[in-house]
Amino acid sequence: NAGVTQTPKFRILKIGQSMTLQCTQDMNHNYMYWYRQDPGMGLKLIYYSVGAGITDKGEVPNGYNVSRSTTEDFPLRLELAAPSQTSVYFCASFSKGGTLNTEAFFGQGTRLTVV
Amino acid sequence: AQSVTQLDSQVPVFEEAPVELRCNYSSSVSVYLFWYVQYPNQGLQLLLKYLSGSTLVKSINGFEAEFNKSQTSFHLRKPSVHISDTAEYFCAVMLYSSASKIIFGSGTRLSIRP
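Heads up: the sequence lines are chains A and B, in that order. Residue 43 is where the first sequence starts when you use the numbering used here, and the numbers rise one by one after that. Residue 7 is where the second sequence starts when you use the numbering used here, and the numbers rise one by one after that.
The hints are simulated quantities; they were obtained by calculation from the structure and are not laboratory data. Mixed in with the good hints there might be a few duds.
[Claimed, not checked] Below, computed lysine-lysine pairings styled on DSBU-like, alpha-carbon distance capped at 30 Å:
{"hint": "1", "chain 1": "A", "residue 1": "K99", "chain 2": "A", "residue 2": "K138"}
{"hint": "2", "chain 1": "A", "residue 1": "K56", "chain 2": "A", "residue 2": "K86"}
{"hint": "3", "chain 1": "B", "residue 1": "K75", "chain 2": "A", "residue 2": "K86"}
{"hint": "4", "chain 1": "B", "residue 1": "K55", "chain 2": "A", "residue 2": "K138"}
{"hint": "5", "chain 1": "A", "residue 1": "K86", "chain 2": "B", "residue 2": "K84"}
{"hint": "6", "chain 1": "A", "residue 1": "K138", "chain 2": "B", "residue 2": "K84"}
{"hint": "7", "chain 1": "B", "residue 1": "K84", "chain 2": "B", "residue 2": "K55"}
{"hint": "8", "chain 1": "B", "residue 1": "K55", "chain 2": "B", "residue 2": "K75"}
{"hint": "9", "chain 1": "B", "residue 1": "K84", "chain 2": "A", "residue 2": "K99"}
{"hint": "10", "chain 1": "B", "residue 1": "K75", "chain 2": "A", "residue 2": "K56"}
{"hint": "11", "chain 1": "A", "residue 1": "K138", "chain 2": "B", "residue 2": "K75"}
{"hint": "12", "chain 1": "A", "residue 1": "K138", "chain 2": "A", "residue 2": "K56"}
{"hint": "13", "chain 1": "A", "residue 1": "K56", "chain 2": "B", "residue 2": "K55"}
All chains, please: the whole structure from these sequences, using the hints.
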């Protein structure tokens, strides 16, 4: 059971470039989330999804886009990279399955640097 | 909308001393509450959670947290810390009633001195 898989692990982008951060989960969770982590700021929610075809903005959505065509995949798109998007990005999926199983599972993160 | 406040950005303690990491949340409806731990250069792992029932919840490595509805708090405690507890700890809240956002606090860095 792979859990939540993020690719790539590291990436350096030039200002203005675009890229997609991939996130896949094999636990059949309906809820998926993208966060960014900046030093001293904790995790800020970028976008989330409660099921295939449904997405919604989080706390810091500007400069990002998402799609959810399948239950398993929740890619995050950066269209015009800016230095302010330098961060560590985490994808998570959530199981709401009773007392024992209700928790969020996280990927290992993608460290993105925009120069 | 829900929010989470972790008042202490850093907490230094000596090994074998007790520690408390504070977490307060704001929400007008019932919530799920979580503590996650992040070791250096790793992702987040669930430490413990409150969903319903007993207000005192415990982890397998000696941490415990108590849900206090009147004070809207979910403080994390350990009676005796170990060097291996050095990590960043995040409190998180999710609305109980619907599929929704999980909002995290800004984190508390726990550093253990020998």
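Evaluation of the provided hints:
no., hint, in the structure
1, K99/A - K138/A, "holds, 20 Å"
2, K56/A - K86/A, "holds, 23 Å"
3, K75/B - K86/A, "holds, 25 Å"
4, K55/B - K138/A, "holds, 13 Å"
5, K86/A - K84/B, "holds, 27 Å"
6, K138/A - K84/B, "holds, 27 Å"
7, K84/B - K55/B, "holds, 15 Å"
8, K55/B - K75/B, "holds, 15 Å"
9, K84/B - K99/A, "violated, 36 Å"
10, K75/B - K56/A, "violated, 48 Å"
11, K138/A - K75/B, "holds, 22 Å"
12, K138/A - K56/A, "violated, 39 Å"
13, K56/A - K55/B, "violated, 40 Å"
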